[in-house]
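Take the sequences, apply the hints, and build the full model.
Chain residues, written in single-letter form:
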Amino acid sequence: MSAARVVLVLGDDVSTDVVYPGRYMATVLPTETPQYAFADHAEFNALLQSGGVAAGSVVVAGKNFGCGSSREQAVSTLKGHELVIVAEGFARIFLQNAINLGLRLVEAPGIRAGAGDELAIGVAAVTNLTTEKRYPTRPLPPARQAIINAGGLIPYTRQRLLKRAGAR
Amino acid sequence: MGMTVVQKILARASGRGVVAVGDVVEPAVDLAMSHENAALVISQFQAIYEGTGLEPTLWDASRIAIVFDHRVPAESPKTATNQKKIRGFVGATGIAKFHDIRGDCGGICHQILPENGYVRPGQVVVGTDSHTTSHGALGAFAFGIGATEMASIWALGYAVNIEVPATIKVEVTGAMPPMVGPKDLILHLIGSLGAAGATFRVLEFHGETIARMPTSGRLTLCNMAVEAGATSGIVPADAETLRYLREEAGVQEAVEAVVPDPDAPYERVVEVDVSQLVPQVACPHTVDNVRPVTGVAGQHVDQVVIGSCTNGRLDDLAAAARIVKGKKVAAGTRMLVFPASGRIYQQALAAGYIADLLAAGAVVMNAGCGPCLGVHEGALGDGEVALSTTNRNFKGRMGNPTAEVYLCSPAVAAASAVAGVIVDPREGRVQ
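In order, the protein sequences belong to chains A and B. Quick note on this note's numbering: the first sequence kicks off at 1 and runs consecutively. Quick note on this note's numbering: the second sequence kicks off at 1 and runs consecutively.
No lab work stands behind these hints, which were simulated from the structure alone. Please read these numbers as outputs of a predicted model, since none were measured by experiment. Treat the hints loosely; a few may be bogus.
[Unchecked claim] Lysine to any residue pairs mimicking SDA-like chemistry, simulated, CA-CA at most 20 angstroms apart:
#	chain 1	residue 1	chain 2	residue 2
1	B	Lys85	A	Lys163
2	B	Lys85	A	Glu32
3	A	Lys163	B	Glu50
[Unchecked claim] Just the calculated beta-carbon pair ranges, DEER-fashion:
#	chain 1	residue 1	chain 2	residue 2	range
4	A	Leu47	B	Pro265	42 to 50 angstroms
5	A	Ala165	B	Ala96	40 to 48 angstroms
6	A	Thr131	B	Ala175	51 to 59 angstroms
7	B	Ser62	A	Ala42	40 to 48 angstroms
8	B	Gly88	A	Glu43	20 to 28 angstroms
Glycine is no exception: its CB is placed at the ideal position from the N, C-alpha and C atoms.
Written out as structure tokens, the structure reads:
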């Protein structure tokens, strides 16, 4: 369990319009969406674009992260930068999309951190190594674990199809 | 113990007699809808089959619907090329429930599906659009999913690993006062529940007010259930549902209503009396930031938008037309109107609503999502303020992160367009 650096801190109700503005929705491919991550946070977007954010870096947010649109670009854009989202809570469709695409989400009620803080993200808790505070995590819905274990919904569905074809 | 409507629907769809809240089920899907994001669904669908030696095969093309609405007509070569790719796929796979950019049978997916009778009570409906919750208005269990999940459903025909959601019963009583309607009710409810107040839950609507409410209003309620975080909203099918399906959606065959058991296990009951409700406005930048219109009266508006999957139906256009008839949109304010479908556009034309709106100075656009999600027409200038009958007011939603969006009913929007500032439509201030 290595330490991960907090690169962006946001509040409650961060919508998918903030993560991936609607005007870029004609861009759909996961290989192309990362350029528009947090496009309206110009400074942070520039930092991402410049390669100045290491894989595994953390965005910390409040409740209801990812609310709004079902657009999957809001997940693929973050996945493209291998960001980890630690939030007090997630909106349902965003959470599901993240599981399906293998974006790492951690639900840690009460989480507090500042930009530059170091977090140790464990199974049972997130520890802010800078403030020395510990926040127990809430496990993801158990039904979803099988999809995570398969590496996302595409390989998971592929397994189902092959099983069905084999049974024939 | 009995079951809620959604429990009953999921039990049937997963071939089980009974399901309890929290059970994991894999329900067969009755209807799977996408819009322009079908372009991504197609590429994910093809990715599933890579390396398997299997031919990509839709489980049932007759249960798939694709409706172009988000960017119609295309605003860019990129969008036009995506739409072209989808047309090719639709032709090759024989998807008949395809609604292209047309003035007769095109429009917004959440109007096209109901008005064509595609949605029936008791169905499991999924859509790659968060406002798929709308279709609960017809007694279906309808929820939004992402493109990859849709690709999986296209291949398998069922949704994998779905947890049976808990249900919050919303009991609505009282008669709506003049100038108060379904939009005010749902904004009020979202304001009291909070933007995440119903996350992972279903809102099941009941009560005398709902029984009297036409399907168009129920679509408004269920449409915005997701703004309280809900998985879905649902109105158990009743006489009005059957009337709508028969008279407005052209459904001839018998339809079976699925209703909850009297002892269904609700997580809680929320009671709302609408008899004292006043027009509501959701203020920037969250949908649960709701105030009575009197609290924001006088706020200047640069652009008024009437339309969308929330409030672009015939009675919405009628309400707006009645208010602006014989008056003029204020100088310094633009009024844009987007009917929810080509059919509604033609009905509004025949009823004279379009003429009244145009004469007042409104611009009536083609049916579609319009400026709601900020990708197409009706962009806002820096620092401008919009008042809109749409469903979201997030920062940047209408394409400009420095603009502000207020949400309201068609009555508030139309009266405010004439005044140039937000006004209470109950007052005779709009003369």
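Okay, the hints, checked on the actual structure:
1. The hinted pair formed by lysine 85 of chain B and lysine 163 of chain A fails the criterion: a straight-line CA distance of about 31 angstroms is larger than 20 angstroms.
2. A distance of roughly 18 angstroms separates the Cα atoms of lysine 85 of chain B and glutamate 32 of chain A; the hinted pair therefore holds under the 20 angstroms criterion.
3. Restraint check for lysine 163 of chain A and glutamate 50 of chain B: the C-alpha separation of about 15 angstroms stays at or below 20 angstroms, so the hint holds.
4. A hinted range of 42 to 50 angstroms for the beta carbons of leucine 47 of chain A and proline 265 of chain B is consistent with their spacing of about 49 angstroms.
5. Checked against the hint of 40 to 48 angstroms, the pair alanine 165 of chain A and alanine 96 of chain B fails, with Cβ atoms roughly 27 angstroms apart.
6. The hinted range of 51 to 59 angstroms is satisfied by threonine 131 of chain A and alanine 175 of chain B, whose Cβ atoms lie roughly 55 angstroms apart.
7. In this structure, serine 62 of chain B and alanine 42 of chain A meet the distance hint of 40 to 48 angstroms, their C-beta atoms being roughly 47 angstroms apart.
8. A hinted range of 20 to 28 angstroms is violated for the C-beta pair glycine 88 of chain B and glutamate 43 of chain A, which are about 41 angstroms apart.
In this structure, the hints that do not hold are numbers 1, 5, 8, in rising order.
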